[in-house]
Amino acid sequence: MAKKKRYAMVIDIRRCIACHACTVACKAEMAVPLEVNTTWLKIVEKGTYPDVRRFWIPRLCNNCTDAICARNCPTQATYKRDDGIVVVDQHRCIGCKYCIASCPYDVRYINPLKNIVQKCYFCSHRVDAGLVPACVESCPTRAMVFGDKNDSKSEVAQLLAANATVVLKKEMQTDPQVFYINADETAMSNVEEDINYYTEGALAKLRI
Amino acid sequence: MEHADVNVVYSVQHQLPLVMYIGQYFFFTGLSAGSFVISVIATLLGRKEFKPIGKITALLAPCLLIIAPLNLILDLEQPLRFWHLFLFYNWTSPITYGSFLLTAYPIMGVIYAVMVYTNRQNAAKILGILGIPLAISVHGYTGFILALAKARALWNTAAMPTIFLVSAMVSGIGLVVIIAAVRWKWFDKKANAETREQDKRLILQLAQFMAYVIMLDLFLILSDILVLLTAHSDAFEAGMLILTGNFAPLFVGVEIIMGSILPMILVLGPKSRKSLTAAVVASILVNIGVYAMRFVMVIGGQTIPLS
Amino acid sequence: MLNITRRDFLKLGAASAAVLTIESQFGPIAKAVELIEGGRSVNRTSGLPRSFLPSTCMQCPAGCGNIGYVEESRLVKIGGNTVHISNQGTLCARGQAGINALYDPDRLLTPMRRVGQRGKNNWESITWDQAYADVTQHMTAIKANPGSFVYLTENVARDNLGRRFTYSFGSPNALGAAAVYDANKLVATELTWGAAGDMPDVSHSKYILVFGANPLESNPQFVGLARRMIDGVQLNQAKLVVFDVRLTNTSTRANEAHYVNPGTYALVALSMANVIMQEGLHDAAFIEQWTNVSAAQLAQHLAQYTPERAEAETGVSALVIRRVATEFAATHPATTISDAMLSGMPNGVQNERAVMLLNIITGNIDVKGGLCMPRQYNLAEPNPAPPIPAASVLTNPPDLPLASQQSIQSAIQLIKNRKFNVGVLMTHGYNPAYSNPDTGTVEDVLKDETLIPYHIAVTPFMNETAMLADIILPETTYLEDWSAEVRSSPELVPYVSLRQPVVPPLDSAVSFFDIATQLASRIQAGMAQYFAFNSASDYVTAQISSIPGLVKAGGLDYLKQHGAWYDPKTRPNYGAYTAGGFSTPSGKIEVASSRLAAANFAALPTYEPVQDFKDLKESELVLSIYDTALQTDAKTANCMWLDEILHDNPVMINPVTAARLGIKDGDPVKVLRAAKAGEAKERSVESTAFVTEGIHPQVIAMASGVGHTAFGSVAQGEKVKMSEIDNVELKDPNLELIWWKEKGGTGVNTKQIVPAAADPIGGGQAWGSMVVTVAKA
Ligand SMILES: Nc1nc2c(c(=O)[nH]1)N[C@H]1C(S)=C(S)[C@@H](COP(=O)(O)OP(=O)(O)OC[C@H]3O[C@@H](n4cnc5c(=O)[nH]c(N)nc54)[C@H](O)[C@@H]3O)O[C@H]1N2
Ligand SMILES: Nc1nc2c(c(=O)[nH]1)N[C@H]1C(S)=C(S)[C@@H](COP(=O)(O)OP(=O)(O)OC[C@H]3O[C@@H](n4cnc5c(=O)[nH]c(N)nc54)[C@H](O)[C@@H]3O)O[C@H]1N2
Ligand code: SF4
Ligand code: SF4
Ligand code: SF4
Ligand code: SF4
Ligand code: SF4
Ligand SMILES: [Mo]
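Chains as they are written, first to last, in my numbering: chain A, 103 to 310; chain B, 24 to 330; chain C, 27 to 803.
Note that these hints are calculated values from the structure, not bench results. These numbers were taken from a predicted model, which means no experiment stands behind them. Among the hints, a few may not be true.
No more than 27 Å apart at the CA atoms, straight line, and that leaves these computed lysine-lysine pairs for DSS-like [as the list claims (entries may be wrong)]:
id : chain 1 : residue 1 : chain 2 : residue 2
1  : A       : K148      : C       : K769
2  : A       : K216      : C       : K747
3  : C       : K445      : A       : K148
4  : C       : K445      : A       : K216
5  : A       : K216      : C       : K769
6  : C       : K232      : C       : K265
7  : C       : K265      : A       : K148
8  : C       : K707      : C       : K445
9  : B       : K173      : A       : K272
10 : C       : K747      : C       : K696
11 : A       : K216      : C       : K707
12 : A       : K216      : C       : K757
13 : C       : K702      : A       : K216
14 : B       : K173      : B       : K78
15 : B       : K212      : B       : K223
16 : C       : K802      : C       : K702
17 : A       : K182      : B       : K173
18 : B       : K173      : A       : K271
19 : B       : K297      : B       : K208
20 : A       : K148      : C       : K802
21 : B       : K78       : B       : K294
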């Protein structure tokens, strides 16, 4: 018997060029409205001229093994599939937003057009059809790799075996399944600062 | 975290999920639970002079608890689907046990009120005793809602449910004081002087009781903050946010000074302790303070960036 | 060790992916264990496969292979085409956002004629018949003087139909924007090795030197080059060294990033070449056999460029120059990457030649991992081909004897000064009123009815240039159009890519092929014979007839099914020149260019300081304008998914400079350029300051691609009410959510202050030579 599937994503930051292709791929694939983002880049700039660098990570739902969003969802609208993907049943969700408040990664949002909660589902509909997620497909430099980490022959498993990886906020004990290779510590931590004006673009600003 | 040499070039933050509907809901359940407890204490003590207060609070508790969930439903993005809460319950979610508590508690409260108003003392006592854990749970679970959302450092502390309960008591007593005082001043004119004097003393006692609960509340908050400041970096941020940051005016100014310390001085101070006006003012301040506390907790707790 | 695993894996992955995808794309989805890398899409709710058509992206010049996925005749997604050899199944943000352009709520869907004054944006809708008649009438009126017809397009080399239309009418004046961009590079490479352009073979390099380019964010071969460059750096462990004036995504990925004083690249490169020659690290055999100079001659010429001199003028330390030069020469194979901002200088041709020299003297020319010559198929000019009319002052400006690319700037000047009389102007897929330097003058010229009596704009969108037209012919977008596309291949294996409509033309939009055919048949019988094709696809069939391998593989049918073709047996033929030499007068690499010498320019690669940068006052700064991964020049502004991320261009400024000027982060600032000779007054734009450590203290930088004054609501950040959109196909509730104007603005068009200035050799615009002052606004 083959081991149970466990889908995971490895993002090799050494290969990522901060091109935002993943963000736009997801906008199209998941019909993500303006104002909200399922996956996006966090880019910080560190250092003093001339020793200054940018650091970035693509951000998305970690499809955590111990998904606190699912644990806290009162209607089981959010639940974990057998292959580990954490999904939201759009017809069951009542929009209480408790899952958003519970998730330590700010990756869930209310879809402003449909009034239900959304996030990244690792493109479960594509995975079910035998395809890699849309963001992975689009990534010009193959920085994103997706697959079954329980299958030792998969690229994901091999990458995990061969490289040191980090996850976002390990201390939250959610066991994230998005692994980063060579991610910068500052980019991974929550930088407490007013989001700045930027060379790269704007943001869905914090709104109360 | 503070990084002096870091420029955030680009990032996305999503809208705060929980808005003041939730804070308001917490506030109203708190008031309800507080008044229910006072009512039951009055009933249990069984003294004649407590009766009016017992009656008012018995009525208040279920009324407030009907307003409270309205806030909740209004906050839902899909209000018409609220029944999913019961059909598709999830026992690991505090909202699930909350929804059942929220249903059971007002039913029990109404029956209890009927008993109180129809003077069926024994039944009222039994129901009251049974009802207290329910009332505590109804409000306590709101604290759990925050405490179990471990993403938010300000919420994710073991003290949270207790703080919510105690502050609920404070605001509940405050409300009772206000209503009792109003009744005393305008609707109780026919009673004889002695009863009026007795009632007034009772109200003042209640206000003093409130002051002691405030002390307990302050102690809990103090310990919570001390722990926040010494725990991990996000928790430290959370502590600083309410002590010196954006939410400091509301927390330190409104909640602590205006809503806790000032009322304490008013009801315990040698000059004002005999004054019903002072007690009422103190109670109003207390309620403003507790409302502010709900705001600081619910909104402030979400403003620390998660990424 | 770790990297070996990754490399092996990738190789394996790529191989299996190739097999899988070719199968998967055209057969049923395999219920395989491995997930398929690309070329398929399914409906999100039903899980059913979507119907699809492969085509070619046109959101930037790279021409990646894309696939349109369609549901109920609506384009729902654009993905990458796995069989396209350049982008190999991936697609950048802009390519995917093309769907926004197709369904732009402000798309032009009916022909329009100007009402009232030109440029006042008052229009009447007319029928296509009326439009054709109107245009025909004006064209017929200038029949006696066909040379007064001027056609402006983005890339005239690729706009075969536009050329054909212009030539068949009898005018030579089909002009492209190339001069605005890479003319200097094309001229420099052409002069040096006899072929226009270059292609660094980055995936096989061991050392990559980047000068004034930003290939990980923008490049004429963006996706194709970036993915190979990352392979080179990560799998091949190539060392990446970047010289730039600011922090870019490329320099952030580099092993070393050095800041250079603006305009001084050539000196860096030449002093490195000097070090290499002095240390004897050069490839003497290659220089002797394949260049027209001797090593001794070259060494002697280069001796003036000491690292110490370079340090003083470029700001790069002599130590770094020596070390990098030594490393570059010692590491094989190695290559350089240079682009717009190296060639886009008043000394652009010399800059390019200086950088090329590094590859030449180290024997890295056209070797695996080195700087290679472009490999690209040529499309046939379908018969009958119209004769090319005799050249004009516009096509061959007398003051630019060596410029092989026509100069649009000089054309504008000639028209402005009435040295050339325009009868009819047609602009097509080109937006000079936004993208050219000195847009003010371009606008003035386009507005003046005595200079431009009749202006036809062929465009899907109401851009800044169409606003100044007399008649607008609403063309289809690239997603509804046919064409054969060839590019210089980053894989060094030439290919052909087909652009075919992934959806039928919206409403009454008409393809340029049909517009040209209709007009030709109405204007004159002599023209019609050149447009006697049954359809656009017949025209494409004729174009690809010159490529026997493709014809054998099935020609158009193959392309319609697969989108792109390359000869699977072809491998990069490195060192192709060894067979017949270089196509230069001497048959060798002309390090000493006889043609430059003949035109009285320095024959050997020479550093020529930028005049405007001499004696910069402390208050004066150099403005650098850069492209980003999210917008393409004048094209993508109506794509909401891109604008949501990049809609603004604050001024990057170094904290030291900002402090000196009393500017704080977020302050409103004014960027001012003093009046040049012949200009009535200074030019300025206003923006906000972005104080960042990532920029040379003497430079400020602003992104291009934003700051539109036309193009409609999306580009201008305005919400659109659903009720205001007439065409149901264009209704999209997202348009009501547009938020960026309210929260940050939509930027400014920096081109307003860029003076038109060309390299006297190449004729290419000198984007990078702008001296400005900055003050709090
Ligand atoms: N400051 C500054 N200015 C620059 C540059 C710079 O780096 N900095 N770069 C320069 C360079 S390199 C260039 S190449 C030029 C480019 O300048 P342009 O050639 O003017 O710009 P494009 O982005 O190619 O878009 C031209 C027009 O094509 C039309 N278009 C868009 N989509 C489609 C479509 O699907 N089909 C058709 N038929 N037409 C479409 C739109 O109306 C658009 O306005 O800009 C130059 N301007
Ligand atoms: N993603 C993306 N790809 C594109 C395009 C796009 O807009 N976006 N446009 C396409 C087109 S038409 C073209 S022509 C190419 C252009 O692509 P590139 O050739 O890469 O042009 P730029 O990004 O304009 O300039 C490259 C870098 O030059 C730097 N620079 C270095 N030194 C100097 C200096 O001394 N002065 C100045 N002023 N700048 C300097 C800038 O910081 C900038 O990062 O890309 C094509 N591909
Ligand atoms: S990242 Fe957040 S939303 Fe995603 S599974 Fe983990 S807890 Fe849930
Ligand atoms: S918003 Fe929806 S998914 Fe989230 S916790 Fe509530 S019901 Fe569950
Ligand atoms: S896996 Fe799919 S849903 Fe998740 S970020 Fe990528 S494209 Fe979006
Ligand atoms: S698409 Fe790939 S390279 Fe581009 S930002 Fe996303 S992960 Fe990075
Ligand atoms: S690089 Fe991007 S915009 Fe340019 S052709 Fe390729 S996918 Fe299209
Ligand atoms: Mo360009």
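Pairwise hint evaluation, C:K702 against C:K802, where the allowed Cα distance is 27 Å at most: holds, 23 Å
Pair hint outcome, B:K173 versus A:K271 [Cα-Cα no greater than 27 Å]: holds, 12 Å
Given pair status - A:K148, C:K265, alpha carbons within 27 Å: This hinted pair holds, its Cα atoms lying about 22 Å apart.
Pair hint outcome, A:K216 versus C:K707 [Cα-Cα no greater than 27 Å]: violated, 53 Å
Given hint C:K696 paired with C:K747 - CA-CA distance at most 27 Å: violated, 34 Å
27 Å limit on alpha-carbon distance, applied to hinted pair C:K232 and C:K265: OK: C:K232 and C:K265 at ~6 Å, within 27 Å.
Given pair status - C:K769, A:K216, alpha carbons within 27 Å: Measuring from Cα to Cα gives roughly 23 Å; hence the hint holds.
Hinted pair C:K445 and A:K148, Cα distance within 27 Å: Given pair C:K445, A:K148 is violated - Cα atoms ~54 Å apart, limit 27 Å.
27 Å Cα cutoff - pair B:K78, B:K294: Distance ~31 Å between B:K78 and B:K294 Cα, so the pair is violated.
Holds or violated: C:K702 to A:K216, with C-alpha atoms at most 27 Å apart: violated, 55 Å
Restraint check for C:K707 with C:K445, where alpha carbons must lie at most 27 Å apart: The hint holds at about 24 Å.
Distance restraint between C:K445 and A:K216, which requires alpha-carbon spacing of 27 Å or less: The given pair, whose Cα atoms are some 61 Å apart, is violated under the 27 Å limit.
In this structure, the hints that do not hold are numbers 3, 4, 10, 11, 13, 14, 21, in rising order.
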